[in-house]
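Those protein sequences? They're chains A and B, same order as listed. Take this note's numbering: the final residue in the first sequence is number 246, and no numbers are missing along the way. Take this note's numbering: the final residue in the second sequence is number 246, and no numbers are missing along the way.
Simulated from the structure, these hints should not be mistaken for lab results. Mixed in with the good hints, there may be bad ones.
Cut-off 25 Å, straight-line C-alpha distance, at most; resulting in silico cross-link-like pairs (DMTMM-like, lysine to aspartate or glutamate) [said to hold, decoys possible]: (1) B:K178 to A:E171; (2) B:K164 to A:D181; (3) A:K178 to B:D87; (4) A:K20 to B:D79; (5) A:K165 to B:E171; (6) B:K178 to A:D87; (7) A:K178 to B:E100; (8) A:K148 to B:D87; (9) A:K164 to B:D181; (10) B:K127 to A:E151; (11) B:K164 to A:D79; (12) B:K148 to A:D181; (13) A:K148 to B:D181; (14) B:K94 to B:D49; (15) A:K103 to B:D181; (16) B:K164 to A:D80; (17) B:K178 to A:E151; (18) B:K165 to A:D118; (19) B:K148 to A:D242; (20) B:K148 to A:E151; (21) B:K148 to A:D118; (22) B:K178 to A:D80; (23) B:K164 to A:E171; (24) A:K20 to B:E100; (25) B:K178 to A:D79.
Derived Cβ-Cβ restraints for the label pairs, each shown as a range [what the hints assert, rightly or not]: (26) B:M69 to A:P63: 36 to 42 Å; (27) B:D80 to A:R39: 45 to 51 Å; (28) A:Q121 to B:D223: 58 to 64 Å; (29) B:S70 to A:Q220: 55 to 61 Å; (30) B:D223 to A:Y61: 33 to 39 Å; (31) B:N18 to A:K103: 27 to 33 Å; (32) A:P63 to B:F93: 55 to 61 Å.
Sample of chain B residues facing chain A (criterion: CB under 7 Å; computed from the structure) [to be verified]: (33) E92; (34) I95; (35) L140; (36) A144; (37) K148; (38) D155; (39) C156; (40) I157.
Glycine included, every Cβ here is placed at the ideal spot set by N, Cα and C.
Protein chains: 2
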Amino acid sequence: MTVVEKTNDETNTKVLAFDVFGTVVDWHGSISREINAMHLSVDGDRFALAWRAGYVPAMQKVMSGELGWTRLDDLHRIILDKLLAEFKIKHLNETQKTELNHVWHRLDPWPDTVQGLQRLKTRFTICTLSNGNLGLLANLSKHAELPWDCILSAEIFKKYKPAPETYWGVAKVFDVHPDQVMLVAAHQNDLDAAAQCGLQTAYIERPLEYGTSQNKDVIAHPGNTFHARDIMHLADLLAC
Amino acid sequence: MTVVEKTNDETNTKVLAFDVFGTVVDWHGSISREINAMHLSVDGDRFALAWRAGYVPAMQKVMSGELGWTRLDDLHRIILDKLLAEFKIKHLNETQKTELNHVWHRLDPWPDTVQGLQRLKTRFTICTLSNGNLGLLANLSKHAELPWDCILSAEIFKKYKPAPETYWGVAKVFDVHPDQVMLVAAHQNDLDAAAQCGLQTAYIERPLEYGTSQNKDVIAHPGNTFHARDIMHLADLLAC
């Protein structure tokens with residue numbers, strides 16, 4: 007893997023590829039609200055954070071080969087089953103567990119997301135690049151009215167981010183050079199991996215991604231091509 | 007491969023998967039017009055028909071294993087290079103050939119397509135199931151303003167229609183039973199293969215798919231779940 011010199015000439019950019027969970031939709035708020043509304047006598051904030059905390063270790067089992075290719079829906083379900091035991095929630099039947107697992111298909115967008123994407127879509131091809139599986143992303147995007155030109159997923163490349171095949175995969179799908187793709191994400195590790203593959207990068211702050219109980223460092227990293235408060239601000243920066 | 011009894015209960019249907027070339031967009035008219043506008047002294051109608059006629063044999067080379075996985079853009083280019091020789095078009099440079107090959111990314115929709123899809127999208131998940139590659143389909147859909155919930159392509163399944171993996175692939179992506187998916191196509195062989203995999207089927211007539219110089223048989227086959235004149239008519243039949 008070589009570090010490719012980034013261009014700051016955004017006129018060259020053809021494709022904006024968006025991370026989804028946290029960047030485009032508010033997983034923490036959506037899940038907390040749904041858990042609290044179920045009156046399970048558990049704290050929605052804690053439950054949402056615990057569910058998300060299980061995500062990286064579960065994915066690492068796939069990336070290490072310990073698990074074969076497993077879609078995020080199935081990883082979410084494995085984590086959920088553990089959490090239901092830990093939080094002592096014992097009365098849900100199979101249909102209710104499936105329905106709860108699909109909360110990830112019903113996440114709400116941040117207030118700036120839909121309008122920001124619509125503005126960016128006038129000048130760029132906008133797509134997802136998410137570890138969510140295709141069905142999850144399609145259902146989520148229908149729910150949140152996200153106007154993608156195309157949904158791309160780790161499921162297509164059979165590799166999870168931050169594997170380089172995912173970032174290069176976007177460039178290959180659209181038959182463009184990696185520096186004609188810009189990854190848009192609220193997570194610096196995702197952007198760092200994309201930059202290593204020669205993509206441009208745009209950081210979106212999302213200070214409330216983990217709710218109000220946790221601070222998130224949203225400081226500007228000089229290595230990113232752009233740093234934006236939210237997606238509307240990114241549209242301003244890209245003159246859309 | 008077993009024949010699964012089809013249900014006519016469309017209330018069970020969750021996903022409408024659309025064939026694209028001919029069903030949703032007018033490849034013949036779009037390509038004829040562009041060729042004629044180039045003033046190459048060739049007949050646009052004949053050129054468009056010859057380009058499309060090369061498609062099945064080219065795909066069969068991939069399906070037989072003679073060629074490894076090859077995206078439709080690259081198959082189109084192989085056919086185009088042969089046609090340029092046959093039609094004695096010798097003055098195009100590489101950039102112009104690439105640009106001409108991308109005419110498949112700029113096909114126009116039939117007049118009923120966009121409004122029909124918007125109506126169907128209110129009640130169903132609508133996606134493509136096309137042999138076109140993802141980049142082609144995304145560019146085409148942006149050009150024609152096609153409001154898909156998701157773009158699915160042979161490129162995802164690494165099999166071309168009518169391979170059963172493509173039809174079953176749609177059901178797997180959305181985690182539904184095959185009979186909850188309806189293939190919508192203007193080609194009976196595509197619908198027959200989908201029906202063999204347990205999908206519901208809707209035939210769209212498109213009598214002018216091959217232009218006015220060729221007749222197309224658009225007779226109703228009793229095996230299809232629905233038979234519609236166009237996509238607006240399908241929206242009527244499905245009460246959208």
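Query - Residue hint D155 (chain B), partner chain A, criterion CB-CB below 7 Å - result: holds (5 Å)
Query raised in the report: Does D49 (chain B) lie within 25 Å of K94 (chain B) when you go C-alpha to C-alpha?
Result: holds (12 Å)
Requested in this report: For the pair supplied as a hint, K164 (chain B) and D79 (chain A), confirm whether the alpha-carbon distance does not exceed 25 Å.
Outcome: holds (22 Å)
Query - Satisfaction of hint between E100 (chain B) and K178 (chain A), Cα-Cα up to 25 Å - result: Between K178 (chain A) and E100 (chain B) the Cα gap is close to 20 Å, so the pair holds against 25 Å.
Query - Restraint check for K178 (chain B) with E151 (chain A), where alpha carbons must lie at most 25 Å apart - result: holds (23 Å)
Requested in this report: Could you grab the alpha-carbon distance between K165 (chain A) and E171 (chain B) and see if it respects the 25 Å cut-off?
Outcome: Holds, at about 20 Å.
Requested in this report: Using the beta carbons of Q121 (chain A) and D223 (chain B), state whether their distance is inside 58 to 64 Å or not.
Outcome: violated (47 Å)
Requested in this report: Take the C-alpha atoms of K20 (chain A) and E100 (chain B), compute the straight-line distance between them, and say whether it is at most 25 Å.
Outcome: Answer holds: K20 (chain A) to E100 (chain B) is near 21 Å, not above 25 Å.
Query raised in the report: Keeping to a limit of 25 Å between CA atoms, is the pair of K178 (chain B) and E171 (chain A) held or broken?
Result: holds (23 Å)
Query raised in the report: Regarding the pair K178 (chain A) and D87 (chain B), is the alpha-carbon distance no greater than 25 Å?
Result: Within the cut-off at roughly 22 Å; holds.
Report task. Decide if the proposed pair is consistent with the structure: K148 (chain B) and D242 (chain A), CA atoms, cutoff 25 Å inclusive. Result -> holds (22 Å)
Query raised in the report: At the C-beta level, are D223 (chain B) and Y61 (chain A) separated by a distance inside 33 to 39 Å?
Result: Given range 33 to 39 Å: violated, Cβ gap about 53 Å.
The structure does not agree with the numbered hints 8, 18, 28, 30, 31, 33 and 34 stated previously, though it agrees with the rest.
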